[in-house]
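Here the protein sequences come in this chain order: A and S.
Quick note: the first sequence uses the numbering used here, first residue 1, plus one each step.
Quick note: the second sequence uses the numbering used here, first residue 1, plus one each step.
Hints in this document: simulated from the structure, not taken from any laboratory.
A couple of the hints might just be wrong.
[Stated by the list, open to error] Short derived list, chain S residues pointing at chain A, Cβ under 10 Å:
no.	residue
1	37
2	244
3	246
4	413
[Claimed, not checked] In silico lysine to any residue, SDA-like type, Cα no more than 25 Å apart, as pairs:
no.	chain 1	residue 1	chain 2	residue 2
5	A	179	S	35
6	S	315	S	266
7	S	175	S	139
8	A	179	S	226
9	S	175	A	52
10	S	125	A	89
11	A	179	S	246
12	S	125	S	147
13	S	125	S	175
14	S	125	S	78
15	S	175	S	102
16	S	125	A	51
17	S	125	A	50
18	S	125	A	46
Predicted model, so just to flag it, every value in this text is computed and none were measured.
For glycine and all other residues, C-beta sits at the position ideal for the given N, C-alpha and C.
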Amino acid sequence: MPRLARIVLARLAGSLPVLLIVLVGVFLLLDRAGGDAVDAYLLSMGGGDAQMAAALRTEYGLDGPAWKRLAFTLGQYARGDLGWSLALNRPIGALIAERLPNTLWLMGSATALSFLLGSGLGVLAGRRPGSLPDRLLSGGSLMLYSIPSFWLGLVLAIVFAVQLRWLPVSGIETIASGKTGLARAADIARHLVLPVAALGMIYLALFLRIMRAGMAEAWNEDYTLAARARGLSDWRITLSHAARNALLPLVTMLGLQSAAMLGGSVVIESVFAIPGFGRLAQEAVAGRDAPLLLAVILTSALMVVIANLLVDLAYGWLDPRVGAGGRRSRG
Amino acid sequence: MLATISRRGVLTGTAALLGSTALPRRARAAAPGGRLIVAADSEPRQLNPAIVASNGVFFITSKVIEPLAEASYGPGGLRPLLATGWEGSEDGHSVTFTLREGVLWHDGTPFSSADVAFSAMEVWKPLQNIGRALFANLEAVETPDALTAIFRFSQPMPLQLIANALPVVSSVLPKHLYEGTDIATNPTNAAPIGTGPFRWGAHRPGEYYLLRGNDSYWDKGLPLLDEIVYRVLPDRAAAASSLEAGEVHLAAFSAVPLSDLDRIARVPGLEVVTKGYEALTYQLTIEINHRTEALSKLKVRQAIAHAIDRDFVLKTIFLGYAEAATGPVPANDPTFYTPDVATYPFDIATARALLDEAGYPEGPDGTRLRLRLLPAPYFSETRQFGDYLRQALAAIGIDARIEPHDAAGHIRAVYTDHAFDLAIAPTVFRADPAISTTILLRSGMPPGVPFSNQGGYADAGIDAVIDEALVTLDPAARVALYRKLQRLVAADLPIINVADWSFTSVVSDRVTGIATNPRWVVSNWADTGLSQ
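With the hints as constraints, model all of the structure from the sequences given.
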């Protein structure tokens with residue numbers, strides 16, 4: 001087996017106990033909370049009687065002891081079946097398959113935006129610490145970072161959708177427009193501009209500040225002095241020497257941020273009414289839909305594991321001294 | 001500041017609840033056709049209004065599946081839909097419905113009395129959340145011909161009650177699609193087929209519902225609209241900005257928070273409408289656990305009633321969009337309401353004196369009593385009133401500790417576990433006290449029945465009035481009994497009614513034919529249109 005595949009498989013297998021702990025923990029927490037999916041359903045119905053509630057509990061499999069329901073859920077997962085959503089009355093696998101792409105688009109675009117723009121501006125700011133561009137960029141990024149993402153989202157929506165009417169205010173695409181192919185892709189892209197900007201802006205600040213610090217530090221390292229002594233141009237030193245090294249902590253941050261980004265996406269999805277993964281989690285909580293919530297959390301945990309794996313692989317590529325397996329590659 | 005609030009309070013509060021004053025609107029002509037885009041704040045688990053009679057389900061499905069009759073502002077309060085007439089027998093044991101001729105289901109099958117008989121016997125009576133109680137004594141539905149359905153009851157059934165209940169409980173399902181199947185899981189529940197002015201189009205979960213105009217609707221020339229799109233916008237801020245951006249024409253059920261209404265009413269092209277909800281009135285109610293020793297004493301309940309400054313509640317929590325309640329029937333019900341009941345003016349001194357008399361003197365720290373207070377979390381008004389009540393009770397020496405729960409946890413704690421002393425509930429009045437009001441007062445409710453008397457209150461006098469009204473056929477005598485019930489409730493306070501309120505809509509001024517009946521948002525919208 002190629003080394004890379006071995007590393008990936010080992011890492012995924014290694015994360016299984018973590019996923020199992022997350023699963024059992026969430027299950028027990030949900031079980032301890034008062035009320036269940038039937039209570040939430042009766043609320044949405046505006047009432048019902050005790051026999052009906054009891055019958056529904058039997059039908060939903062909510063009347064057994066917790067360990068039995070947990071065992072049932074684990075058995076389902078083992079067979080590759082994610083179960084049935086009580087609140088939305090649809091198969092959970094289909095729900096996740098529908099909602100996850102929207103969130104991946106949103107998160108992926110926002111991460112790319114914040115990473116590229118943040119590191120680029122970070123290079124500009126870090127090249128001359130204390131200069132005017134640095135002070136402007138650093139100050140601006142701190143302001144951005146202190147803004148809650150939902151507020152930024154609302155402001156963007158009010159300015160660009162409500163006042164200027166340049167962009168759609170909500171949704172992932174025009175309703176029942178009949179668009180296909182490229183026209184549909186363009187439509188979705190238009191709808192994504194504001195939410196991606198709102199989500200990306202906040203993290204942009206973070207990446208900018210880390211890049212700036214890394215650049216400022218790299219600037220005084222021996223290898224940059226050596227490069228300068230060799231007569232390399234300023235930009236050449238900036239990009240291929242200082243920036244490449246300053247990029248390492250940024251990539252680490254990227255992995256850590258993937259979990260936070262998922263959380264931020266919940267908020268942005270609700271502000272911009274995007275039917276994504278975050279809103280699915282919200283609906284699962286509101287409907288006390290334990291099977292759905294478990295599946296959502298499990299998928300999120302898996303996404304974070306994969307993001308961190310990708311980061312580690314990228315780390316190994318950027319800095320060959322660090323092997324992706326956690327060992328030195330030239331041992 | 002105060003002056004503007006109170007003036008608006010008087011103006012809009014009155015308009016909201018009396019339903020007689022329409023907001024000034026400019027004359028508009030509807031152009032036929034068009035796509036009306038509506039904000040929907042939730043997606044019901046299933047879309048069968050004959051099983052789940054709730055506003056959330058009606059909001060979408062009432063355009064597709066019609067009941068026998070709809071509420072109206074006109075005399076009698078009813079407008080015929082699938083039934084053109086209804087007549088009760090002398091002894092109250094039967095009601096004869098005459099059905100409309102020439103009605104087709106959306107799949108082309110003719111509608112007939114067999115559909116009504118099937119819906120009543122197989123769906124409303126055994127499965128529907130509200131119909132289960134109302135049709136408990138329904139023995140059979142006879143269909144002597146295709147346009148006649150005779151409902152036979154084992155106990156006398158007041159025609160007034162049946163008529164008042166028709167808009168809510170009588171959604172008719174197509175027998176040919178449901179017969180012999182498991183009705184609760186029939187796939188038609190997810191893509192309803194009815195007789196209404198709109199046909200089912202599509203549902204993209206998390207995004208929208210689409211309904212299309214029915215060109216073979218029985219009311220020729222209607223509907224005016226080509227399409228209705230419900231955009232799923234659970235976030236209130238998203239609903240408000242979508243309205244302002246012109247992406248949504250109508251947000252109903254107070255999708256725009258009260259605190260934003262003033263601002264949004266000034267946006268050109270949008271107006272705030274309080275009409276069209278009279279038959280969906282909510283009441284802000286304090287539910288009392290009578291198992292708690294202190295609360296089983298009338299003087300303590302009276303003290304609590306006196307501790308509430310209703311004027312403050314109306315102006316601060318409801319921003320004027322509500323009226324003070326005097327009892328379990330809201331003032332905007334012209335038939336059953338009576339103001340002739342005991343009232344409890346805001347009076348701290350009296351409240352404190354009552355607590356002294358009841359045997360709860362001030363302790364060394366000024367506290368007389370400690371209570372658990374559970375405000376229902378599903379309305380912002382109930383949560384806010386919980387905070388207010390805590391302060392109001394502190395002023396008379398009652399330490400009410402708020403125990404917050406999420407929606408499911410609240411339902412469980414109050415209605416199944418009875419783990420509360422006081423709870424704040426948004427109870428609903430549905431056109432007739434027998435439908436959803438007496439369940440709050442009648443003794444003997446088993447645990448686990450949401451929105452019923454779970455405080456364990458039991459009073460033989462009140463039970464007797466409720467039971468007598470259920471079998472009283474004469475409308476005038478029924479009304480008299482329910483007025484007596486209001487007096488008894490106000491005197492003994494099994495629950496404390498604080499305010500009557502309803503919803504608001506924010507509507508684009510292009511939309512015509514709005515608020516044309518007292519259940520407008522959950523009616524069929526056949527005559528709703530869009531001007532160009």
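Original post:
Can you list which hints this structure breaks, lowest number first?
Top reply: When the structure is compared with the hints, none of them turns out to be violated.
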